[in-house]
Amino acid sequence: MSQETGINIGSSIKDTIIAGLLALIVFGPVVGVLLDGYEFIARIDDVVWIVAIVMAGRFAISVFVQTESGKKFVYRQLTKEDGVSVTAPDYKSKMRYIIPIVIVIGLIAPFIASKYVLTVVILGLIYVLLGLGLNIVVGLAGLLDLGFVGFYAIGAYGLALGYEYLGLGFWSMLPLAAIMAGVAGAVLGFPVLRMHGDYLAIVTLGFGEIIRLVLTNWTEFTHGPNGVSAPLPTLFGLEFKRRSSDGTPFHEFFGLSYDSAFKYIFIYLVLFLVVLAVLYVKHRLTRMPIGRAWEALREDEIACRSLGLNHVLVKLSAFTLGASTGGIAGVFFATYQGFVNPSSFTFFESALILAIVVLGGMGSTLGVVIAAFVLTVAPEMLREFADYRVLMFGILMVVMMIWKPRGLVRVTRKGFATRKGVMK
Amino acid sequence: MDIVLQQLVNGLTLGSVYGLIAIGYTMVYGIIGMINFAHGDVYMVSSYLTAIAIALFSFFGLDSFPIIIFGTLIFTIIVTGAYGWVIERVAYRPLRNSSRLSVLISAIGMSLILQNYVQISQGARQQGIPTMLSGAIRFDIGDGFVQITYMKLFILFAAFLGMGVLTYIIQKTKLGRMCRATQQDRKMASILGINTDRVISSVFVIGAAMAALAGVLVTLDYGAFDFYVGFIIGIKAFTAAVLGGIGSLPGAMLGGVILGLSEALFAGLISSDYKDVFSFSLLVIILIFRPSGLLGKPEVEKV
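Protein sequence lines, in the order shown, are assigned to chains Z and C.
Start counting the first sequence at 0; every next residue gets the next number (numbering that gives the first Met the number 0).
Start counting the second sequence at 0; every next residue gets the next number (numbering that gives the first Met the number 0).
If we strip away everything but chain C, and leave its shape as in the complex, we get (with noise of 0.2 angstroms):
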């Protein structure tokens, strides 16, 4: 019982982080109708980005708590933002009247050049962070407790304020209008004179901020990483974004905590050996029975 218990709470921290994620991966699909390949990546580089912060911040004599902690969120949002941005530039947008099999062999390009980079820059080794916040809350269950630590639950905060400022970005702001508009019929929010090309860049940067926010959460529960995170965590959280209904804002959010809690529970009950292959698995059986997933509109090709 207390097993369960311990895993849910693992699993609902781990799944708001796959749903961060999984926004960028949902918006880019909603907009553009490709698979950002390299978003994963630029989680990587956050969590780099994370580390770096920390070094100069800690060099300058800033060392308490809530300084380090905001000044990292901060900078790592902004030049991961940046990050997206000139991917975009780079690497999608000559491409944007191509097939689509071209933008998706570039984006896989841009993974391998963001992976190798950050090798090439720093290091194949594995990296680490000190402990920034550390106690945790117990509840005794029975004979056994349930843990929480304090960073579970700044990770759970965090990460639900940041979704919660995305939908009021989207709802409420004059940017989210004009994102909302793109994403239905990108030619007519054209003709109605939204630039399209800046709503396309500005997603791409909202969705490398959300992922900066994820790595930033993840490098200070963890406090290890390499150059190679990005992979796997990008393919799960594709999965969340797949399990919620690819292109809806909502499900990628409900997909990442759902993913999160099936996998903790199949880690903590079952094997955690398999637990990447279950969710791998749990990708597939989606796509094959319910492509449009939990919350998305089924798709049709239109001629």
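Bound conformation, chain Z alone (with noise of 0.2 angstroms):
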């Protein structure tokens, strides 16, 4: 056998040992020595635990590459082409009949879920809508925008002080917090869109902690930290309180015993028709020009200037949908909370929706989707897990980008041909 296609266990060793310093040096002092007060406790067999488990993974992974399905794999990573699959023009997707069957057990669903499940999915829902508005940003038009949580508290704000201040109700709202979030969008996108993309996602992180701060230390505006209460959507003008303010509450209307499970009901039911109607208009968006111009700056900007592209109106339009996308998701969430604080708005949160559009696939919409459930529900079932939640996204951030930078689901594309009988 000769070295080349041989193992060397040798060099594997190597690895190991040098793997097992650095972990000891990296991992010792901060996991080894517990600070207590001025004081402090020791924990060696942690240590012990990460530097064997250190170790044990890098000689597992330094013989791997040496076999030959570990050199298939490393080679494969290596010449992997990202790019989206086309289907072919007579091809009829499967999702004729699975979006018909998911929107009936949508509408159903309320009905039976009990109210917790209820406002588990609600989350769910708000988190696809943050995700869908970022999506369009990060995903299509490939300007990583780090403050997106800026535009979501512009719209849960907008309901709560809308409504403190000029008794605006949530259908006003709704609207209008789209616009005000388009319009922040547009007004810190104009400039910043002009230059370099890792300076966009430095201004856009500094515009969502300007926010923020605003929110937490002008107090006689936005009562800083102690936050404003939002109002509840109405039907019709029906309240969906025990007692209404003005005129009769929904429960009494429809004589039905009051549940406060009927608000929830109608907000998981405007919420999905909201998330729905958002759906349709990306899947159209990006059929259309302006859709296909985005994804074509993301890949190579210079070609698309060359060619005669707007770069900063085609940027700006991404930007202000995706902002007016997060600012829809603001006024669900300050409603379906009833109460709006700072707290809500740090840039974990912008972390987060992040992390949804790096594992739903930059661009995919059926991703974006899938993920947002899963980063939502699924710190809901493991709770014991709470403190490793943020450790998990780091951790999948990082694998994502070096395994699959273009997301878990491929981007298919619909493959078009011309029809009978067109002249060619």
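It cannot be assumed that every hint is accurate.
Label pairs and their in silico Cβ distance ranges [stated by the list, open to error]: (1) Lys13(Z) / Leu160(C): 31 to 39 angstroms; (2) Lys13(Z) / Thr166(C): 46 to 54 angstroms; (3) Lys70(Z) / Leu293(C): 46 to 54 angstroms; (4) Ala416(Z) / Arg176(C): 58 to 66 angstroms.
Chain Z residues, not near chain C, derived (Cβ > 12 angstroms throughout) [as the list claims (entries may be wrong)]: (5) Met54; (6) Phe58; (7) Gln65; (8) Met94; (9) Gly105; (10) Val119; (11) Gly123; (12) Gly138; (13) Asn225; (14) Phe271; (15) Val277; (16) Asn309; (17) Leu315; (18) Leu353; (19) Phe372.
Hints in this document: simulated from the structure, not taken from any laboratory.
Ideal Cβ positions, reconstructed from N, Cα and C, are used throughout, including at glycine.
Mind docking these for me? Both chains are given alone in their own frames, and the hints should help you get the complex.
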């Protein structure tokens, strides 16, 4: 056996020892010495475990890449093409059966599900909206927006403060919040989008933090960290409270006994329809020239500009549309919670939405919907791992970028052919 | 008047710390063109390491001030440097030829990992260290006075010494020449026999070491920290790097000092609640009107 084909155990052991030493230096002090006041508690066994795991993992990887299948795996990783698959022109997607079934289930579900399940699903749908909004910006247009939570906050606070100061209800704020967030996106984006992509990430991050800090510190207007209460939606003027401030509440009008689940059922139904509408609009947009321009700009900006695309306007449209979707999500969040305060709009929230887009696949609509539910519902199921949630998101982002930068769900695009009888 | 002078002193020490952290951003950006989003969290880890080192030294009975200070500095710089190396190896090197978006997302993931890892292993509560160096020099000016604590003097001294050593390394040593060559043209440098992967790794180690120096100094001065400190100071140091011109080493130091001074004056004279808003707004304004910063070269995109 020559050196090229066999497994060189010696070099694997060397790698393993180096990895173990590094793990000892890196994890040793922080894990092994638990600060307790000015004293500390030693936790040697935790360090031993971590170092052992790192060494075992490094050894396994080191041996694996030297085997035949490992070499093939590495080769595939190095030469992977991350394009899209194009379906045949006459291909009929199974989705045309699945979508109506999903819609029907979605419309029936709230009347069967328990209140707890309903609230979890509402939260999941809000994140679907957020994910779809950010997916336009990051996934389609390739602009990294780290302050997306700012637009979410504009929507949520728009509803709460609009109700408090102007007496505007849910239905008037829903379109207004979308417009407000969109305008904020345009105002922020217009000067920034002319410059380099990486700077956009930092500027939007700064913007998100500015919004949060202003909401926290401007106590006369926003009540600061105490938060503001937000109104519930109404059905043609019927309120979902036990006692209505003006007129008959919903349950009296229909002669039902009061149930606090009614308001969640109603929010769910409105939200479900809005999500469907946003999905439809997004689905159409990606097939329109503007959607194609977004993706083209993501792939090669210089080529697009050389071909005469106005890159600022194209980016700005993506940025504004994404922001207004975030604003709509904010309105639903505020009405669902009945209350908003600045702690809901930290950078972590932006990172969670980004994790949804990354896991779902840049630009893939179906992927984002699935990822939004996985990342919001899974933590509800696995409460005991709540502390490790952020760690998981972080590892997910790094691993996804290395392993499958385009996400788990491959983007497919419909193929087209000339119709019969059309002159070629 | 005395408030202005006092805030100038405070701003200068704050600014020198921003400058130290900004070096990490600017060197990494210069050499591989990415924003190392996890850099602020590397600084945060070094604050914890400072407290851990002090606890260890006092446990073994070494409690004379110079031993603790220098021991802590060496320990923290070495371990934080190892963090810099590991982060680059795990999260950035596999993405060397990927799109810039992928690298940036990976960096954000790394930042979340570091924050949560420290939170899990050390707990979410605020930590602290005992006061190491107290006392101050006092100048009477008119009715008021300006006070410079010995700790602030030590910070200024150590920060400028650190920057001086770094400038020497970059300008005079072989490693510095390799860094500059790689920064100018990575492909050409590797053709000429420079191991560019190793140079990039050493840039990450140097950046982490500078952040560690800043972490030790700030922790000794303030005494309190938690797992979230890296986020805000990271953005501010990035602002300093952009202000000075990203990719430029003297620019990072100059930007740090200017940012520190203007932030301290804003906090002292206008509003301390909005001082973070001021810094972030400054960042947005610089990026809009002068993205190449004070000393940076305008970026030209080549096909």
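What are the numbers of the hints the structure violates, in ascending order?
-> 2, 12 and 18
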